[in-house]
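Could you put together the complete structure from these sequences and hints?
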Amino acid sequence: MNAYRSAFVAGAARALRAPGELTVRIAFYAIILVVFSALWSVAVDANGGSIEGYTFPAMLWYVAAAEGAVIATKPRMIEDIGYEIGSGGIAVEMLRPVSVVGFRMAAELGEALVRLAAAGVVGVVFAWAQVGAPPGGAGALVALPSAAIGVAVNLAAQHAFAGAAFWLDDAKASWFLYQKVIFLLGGMLLPLELFPDWLSDTARWLPFWAMAYIPARFVARGAEPGLLLVQTGWLVVSAAAASAVFRSGERRLQVVGG
Amino acid sequence: MSVLWATFRTALVEAWANRRSFWIQVSIMLANDVAWVIFWLLFFGRVGAIRGWDASRVLLLFAILTTIAGIAMGLLANARKIGELVGDGQIDAALALPVRPLPYLLVRRIDTALLGDLFFGPVLFVLAGAPTWERTLVYVAASLCGAAVLVGFLVFMGALTLFIGGRGEQADLGFQAILILASYPLDVFGGVTKVLLYTAVPAAFVTGLPTELVDDFEPATAAGLVAAAAFFVALGGAAFSLGLRRYSSGAVWTRA
Amino acid sequence: MAAIEARELTKSFTSGGRGRRRRTVEAVRNISFTVDAGERLAYIGPNGAGKSTSIKMLTGILHPTHGDARVLGYTPWSERKKLVRHIGTLFGQRSQLWFELTPRRSFTLLGAIYGLDGPLARRVDELADLLEAGDLFDVPVRNLSLGQRMRCELAATMLHSPRVIFLDEPTIGLDLVAKQRFRDMVVRLNEDEGTTIFLTSHDVSDIEQVAKRVIVINHGTIIYDDSVSRMRRSLLNTKLLEVRFEEEPGSIAVDGITVIKGRGVGYKLSVDTERHSIRAVLDDLLDRHRVADISVLDPPLEEIIGRIYEAPRT
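Residue numbers (this note's numbering), protein chains in the order written: chain A, 1 to 258; chain B, 1 to 256; chain C, 1 to 314.
If you are wondering where the hints come from, they were derived from the structure by calculation, not from laboratory data. These numbers were taken from a predicted model, which means no experiment stands behind them. Worth double-checking, as some hints may not be accurate.
If you only want the chain B side, here are some residues facing chain A, beta carbon under 7 angstroms, derived [as the list claims (entries may be wrong)]: (1) Phe44; (2) Val188; (3) Phe189; (4) Val192.
The beta carbon of each residue, even a glycine, is placed where N, CA and C say it ideally should be.
Listed below in structure tokens is the structure:
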């Protein structure tokens with residue numbers, strides 16, 4: 001357990017040691033907040049003050065939370081992981097007496113939570129200044145651990161997705177696609193309630209809504225314990241998938257060589 | 001001039017050389033673009049028209065955006081990499097040749113993935129832009145101007161590296177900012193932001209004005225767009241030239 | 001006319017940072033030398049010595065803070081566009097060739113850039129022969145080994161028949177055989193075409209096998225400038241003895257001998273020839289011990305150069 005904890009801390013330290021990178025990311029986040037706040041303000045207004053039960057304050061908090069949860073991760077990492085698996089660079093990590101994917105994910109999680117915290121501060125300040133307290137009330141507090149879980153699910157899924165590098169060989173732009181899936185099916189761009197029924201039903205059967213929609217919903221509309229269970233469930237599933245992908249990659253390396 | 005054309009042709013040949021990679025990247029880009037179209041359709045499907053913008057108008061904007069991206073980031077892929085090229089000392093290779101460094105660098109590389117956008121944009125325009133001969137002409141001309149604004153802006157941001165050092169981080173941020181802001185209807189933005197979009201982050205000239213011109217051509221607006229294009233191209237070129245002089249006086253220590 | 005002339009070249013940088021953190025670094029100080037046409041020169045120094053700064057000034061990328069230089073009669077930094085038509089550069093870490101394409105395709109573009117259209121095909125064939133690279137020119141660069149690629153890079157550098165070529169760490173990453181071939185090619189180019197060679201390197205064998213003259217630079221100044229052969233001779237105040245004794249010698253108490261290492265009957269010894277004549281030392285050694293075999297050697301060039309690097313700044 002100790003190894004994973006130190007990986008986590010190392011990851012967090014890595015993020016803190018690159019304040020320039022962090023600033024750029026947060027600046028990017030702020031721009032998106034500005035854009036979406038303008039967009040939804042106009043949209044909600046044009047719809048009589050509420051869309052599917054989301055008032056503007058709810059919508060703004062929703063966007064801040066959903067976007068914050070997503071911006072904490074670096075899907076470009078998929079490209080790096082894919083490359084390392086494919087080129088056999090991961091062999092070095094296999095020499096350590098810990099699970100390769102577990103170790104990596106611990107480190108990535110450390111980094112991501114630092115980013116999440118930074119985004120959280122900016123997001124809360126931005127939203128509060130514009131519309132006051134989150135409509136979710138006390139339930140909004142659950143959004144904090146929920147966002148952390150959402151980030152973990154995201155990371156695990158990215159590691160699993162990186163396995164695509166095996167077959168694609170040139171997975172350079174594939175992270176781009178992964179990102180778009182989260183944007184849409186994860187509810188980052190639009191709360192799932194705004195989807196046509198068939199689409200929102202589909203989205204609920206996929207892991208992506210656990211990454212953005214669920215934590216954002218807590219902030220916008222209050223706690224719902226059932227959703228936390230869903231998130232945890234997806235965390236288990238995606239972690240297992242990531243583990244399987246990495247094991248298969250390691251086995252392949254052992255057979256084929258670096 | 002013929003040297004630039006020869007370099008550009010070579011870049012095209014290179015982009016096409018690895019066939020498998022080409023198709024994979026283009027396909028992924030197309031899928032990405034389709035995802036955005038889906039978003040807009042869902043959005044307007046539920047929200048309805050806002051401030052004179054509906055699905056078809058936004059898709060027109062998106063068609064223009066992708067066309068411009070295809071040109072400025074696909075065909076002239078180094079436009080947004082100027083900061084990095086300076087920071088890594090890679091412009092030295094261009095300085096060692098009897099060519100004008102900036103134009104050479106700009107045509108030196110083509111980003112295959114963005115060629116997907118270059119294909120998608122016109123197709124989307126044909127499907128959703130209600131193309132007539134007049135509208136198509138305006139679309140092409142306005143896209144070229146918008147691309148010029150974007151290239152000029154990106155080169156300017158990257159050229160700052162010649163003055164302040166680093167590897168172009170400020171250019172990356174500027175690039176992300178202008179791309180995001182250019183992706184959304186201009187009219188949703190309030191006063192202060194809107195001013196920004198006409199000046200520091202000229203997204204208004206990238207997609208705002210072109211979209212307006214296609215729907216409602218006004219000579220004054222068109223002149224404004226052309227002027228903006230000329231301005232930003234000149235700005236980028238001047239920043240790069242001045243920066244080069246500073247670079248060769250070695251005032252900024254680069255990694256190389 | 002000298003191919004390259006440097007006169008008191010000096011370059012200082014102000015390193016980034018504000019207020020206190022701002023420092024002025026003198027990368028290169030009063031560098032002066034003359035290189036004749038057709039010479040093969042090695043310009044060596046440890047990392048940070050000022051090698052790249054010097055080359056950048058000579059190729060027109062940097063202006064000096066003081067001093068002057070002429071390459072082929074041109075002032076590099078103010079006549080760069082004209083100068084680059086007559087010089088070639090090969091940077092070990094950077095490629096002039098397009099990765100996905102064949103070298104020949106890159107040559108076609110370079111031909112257009114240098115305005116070589118007519119004579120291009122003939123020139124490419126010429127270089128193919130000279131560099132024994134004909135079968136490589138039509139293979140995509142991504143499929144070439146590093147050694148093969150470097151030969152093609154050399155061809156690219158020579159395409160426009162430059163009178164001076166600057167090679168910056170060209171053999172980095174090459175295996176022994178590839179390095180050898182590359183060096184041979186460089187020498188051949190120099191002998192066949194009279195191209196002046198200006199080579200920077202860390203690799204001592206590059207110096208030994210390519211250069212006739214060596215300039216050593218450290219801390220921004222030239223600390224040595226002479227022919228390679230004279231360098232060996234004048235800095236030689238040590239001889240190495242590799243000795244195999246007939247039986248384990250115990251202690252070797254011969255005046256003037258220092259034991260470098262020894263095990264069993266095999267020993268490596270050094271003699272300070274400034275203070276002792278090698279003759280006397282050998283006589284003494286052979287008197288006191290029974291020697292089965294002995295070789296008398298010069299210290300490796302590495303050591304000589306290392307000593308030059310370590311010489312105190314004057």
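Against chain A, is Val188/B within 7 angstroms by beta-carbon distance?
holds (5 angstroms)
Per the CB criterion, is Phe189/B less than 7 angstroms away from chain A?
Interface hint status for Phe189/B: holds (5 angstroms vs cutoff 7 angstroms).
Restraint outcome when Phe44/B is required to lie within 7 angstroms of chain A by C-beta distance:
With a minimum Cβ separation of about 9 angstroms from chain A (threshold 7 angstroms), the hint on Phe44/B is violated.
How about Val192/B: closest beta carbon in chain A under 7 angstroms, or not?
Result: violated, 10 angstroms to nearest chain A Cβ.
Hint compliance for this structure: hints 1 and 4 are not met, and every other hint is.
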